Amino acid sequence: MNYIIPAILIMIGSSPSDDFVKPVHPIKMSQVRGFINPVADLAESYDLDYEWVFEGIDSPVTYREIREMAINNCRNRRPDKVDVGLIDFLIEVEKDFSPPPALRGMLLAAACSESGYNPKAKGDYKIRGKRKYPRAIGLLQQWPWYERFYGTVRTDPESSSTTWMQHIIRQIPKVKKRCKFRSSKRTWVAAWVHAIRSPKPNGRCYEKPNHWKRLKRWHRKIRKNRDAYLESLEEPDGC
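Going left to right, the sequence shown walks through residues 1 to 239 as the numbering used here numbers them.
Think of the hints as simulated: they come from the structure by calculation, not from any bench.
Model, not experiment: these values are computed from the prediction.
Even glycine gets a Cβ: it sits at the ideal position worked out from N, Cα and C.
Please note that a few of the clues may not be correct.
Said to hold, decoys possible - What follows is a list of derived Cβ distance ranges for each label pair: (1) S98 <-> K120: 26 to 36 Å; (2) R182 <-> A228: 33 to 43 Å; (3) G129 <-> P199: 44 to 54 Å; (4) E147 <-> E231: 49 to 59 Å; (5) K208 <-> K177: 12 to 22 Å.
Please work from the sequences and hints to get the whole structure.
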């Protein structure tokens with residue numbers, strides 16, 4: 001039986017303090033740039049990830065599933081136009097920061113929503129006189145303060161994605177103190193919101209980022225695909 005499971009900001013958050021030390025990410029884009037479109041050619045180079053079959057249908061989604069979902073279900077980019085090497089790279093960046101399983105794919109969901117995986121995207125234009133210029137640039141539509149505080153090269157996928165994740169991580173201690181959530185998932189979602197939106201006097205503990213909605217849709221679709229796969233294995237009555 002041939003079956004392949006389809007799997008897988010405008011940044012206005014507050015800038016970090018001046019004592020931040022720029023993170024160094026060990027993975028280089030050159031390591032994955034060999035994996036380019038079309039999607040069909042790349043699919044055969046990967047072993048299908050069926051670990052959920054053994055762990056149970058309700059087990060956390062896998063990055064293999066997230067990968068296929070990000071390629072085939074980003075409304076802002078046609079599947080045949082997706083740079084698959086970039087998708088693989090962003091997955092490795094995210095893995096290094098170890099988000100909760102329920103948030104696997106958060107970086108991809110944000111990059112899809114903000115730029116359609118376009119490292120050179122520009123947005124949130126400001127008019128000055130008769131000219132306008134973009135304040136948000138890159139995969140994640142980061143603002144200029146990322147350059148000042150993180151040394152981010154906003155058009156570089158490695159620099160932009162790493163510092164985007166790093167800025168979320170920096171919010172976690174403050175979120176734990178303010179929001180007092182017990183679950184890792186709720187803490188991370190709150191940190192995500194605090195990282196991408198401007199400061200609020202009482203915080204943003206109970207808010208959700210728009211990217212989270214897209215990520216939840218991906219996760220729901222993955223689980224539906226699992227159900228469909230298991231149903232396809234069942235023999236019809238009377239056989």
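We went through each hint and held it up to the structure:
no.	hint	verdict
1	S98 <-> K120: 26 to 36 Å	holds, 29 Å
2	R182 <-> A228: 33 to 43 Å	holds, 34 Å
3	G129 <-> P199: 44 to 54 Å	violated, 30 Å
4	E147 <-> E231: 49 to 59 Å	holds, 51 Å
5	K208 <-> K177: 12 to 22 Å	holds, 20 Å
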